[in-house]
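Chains as they are written, first to last, in the numbering used here: chain Z, 1 to 115; chain Y, 1 to 115.
Hint data in this document are derived by calculation from the structure and do not stem from the laboratory.
Possibly wrong hints are sitting among the right ones.
Straight-line Cα separation of at most 25 Å, SDA-like style, residue types lysine to any residue; simulated pairs [said to hold, decoys possible]:
no., chain 1, residue 1, chain 2, residue 2
1, Y, K1, Z, E59
2, Y, K1, Z, S67
3, Y, K96, Z, S67
4, Y, K57, Y, S7
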Amino acid sequence: NAGVTQTPKFQVLKTGQSMTLQCAQDMNHEYMSWYRQDPGMGLRLIHYSVGAGITDQGEVPNGYNVSRSTTEDFPLRLLSAAPSQTSVYFCASARRDRGFQETQYFGPGTRLLVL
Amino acid sequence: KNQVEQSPQSLIILEGKNCTLQCNYTVSPFSNLRWYKQDTGRGPVSLTIMTFSENTKSNGRYTATLDADTKQSSLHITASQLSDSASYICVVSARKRGSNYQLIWGAGTKLIIKP
Numbered sequence: 001n002a003g004v005t006q007t008p009k010f011q012v013l014k015t016g017q018s019m020t021l022q023c024a025q026d027m028n029h030e031y032m033s034w035y036r037q038d039p040g041m042g043l044r045l046i047h048y049s050v051g052a053g054i055t056d057q058g059e060v061p062n063g064y065n066v067s068r069s070t071t072e073d074f075p076l077r078l079l080s081a082a083p084s085q086t087s088v089y090f091c092a093s094a095r096r097d098r099g100f101q102e103t104q105y106f107g108p109g110t111r112l113l114v115l
Numbered sequence: 001k002n003q004v005e006q007s008p009q010s011l012i013i014l015e016g017k018n019c020t021l022q023c024n025y026t027v028s029p030f031s032n033l034r035w036y037k038q039d040t041g042r043g044p045v046s047l048t049i050m051t052f053s054e055n056t057k058s059n060g061r062y063t064a065t066l067d068a069d070t071k072q073s074s075l076h077i078t079a080s081q082l083s084d085s086a087s088y089i090c091v092v093s094a095r096k097r098g099s100n101y102q103l104i105w106g107a108g109t110k111l112i113i114k115p
């Protein structure tokens, strides 16, 4: 099993550009989520999904969109990149049995720099 | 407001020595507490999880303790190795209405092991 994979590993954008961060998991997990990690702060939840076709907002959803058309994939779209979105983005997945009680498995992260 | 605070922010110790990392939380209603290890450039990996009724949980050279009365947890690392150099993150789960949970992430303690 590859676990949770993310692409790209690094990305540089100009302000106003849009892009999609890809996330895929091969563990048949129902729960998937996106976090951002900034220096000196804990991980912050952007969006999450409890299954295909179902998504919801987390703590910091503004400027980001998600969709979940399959169990495996959970892409994160930046609509119009801003310097404040410079961060490291992590995708995670978990079994649904007990919701977020289950251990989350994280991808390797995508480092995004917005100029 | 639900919060998780970790101390120290960073710690440098010599290889072979023991160390203890602290986590204080103000989270209600408490569901469980996890410790994650995050190597540089990688996603977090779960080390231990403890519920309200558990005082101690071990994972190899890692031992986590939980005092639900004082709302404190510690992570003790025994006989440190160079591979223990990483950030250690405390995460507390707060129960929300229904079967939903909210994860509150600490900012982490950066541990450096020197030979």
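Here is how each hint holds up against the structure:
no.: 1; hint: K1/Y - E59/Z; verdict: holds, 14 Å
no.: 2; hint: K1/Y - S67/Z; verdict: violated, 30 Å
no.: 3; hint: K96/Y - S67/Z; verdict: holds, 24 Å
no.: 4; hint: K57/Y - S7/Y; verdict: holds, 20 Å
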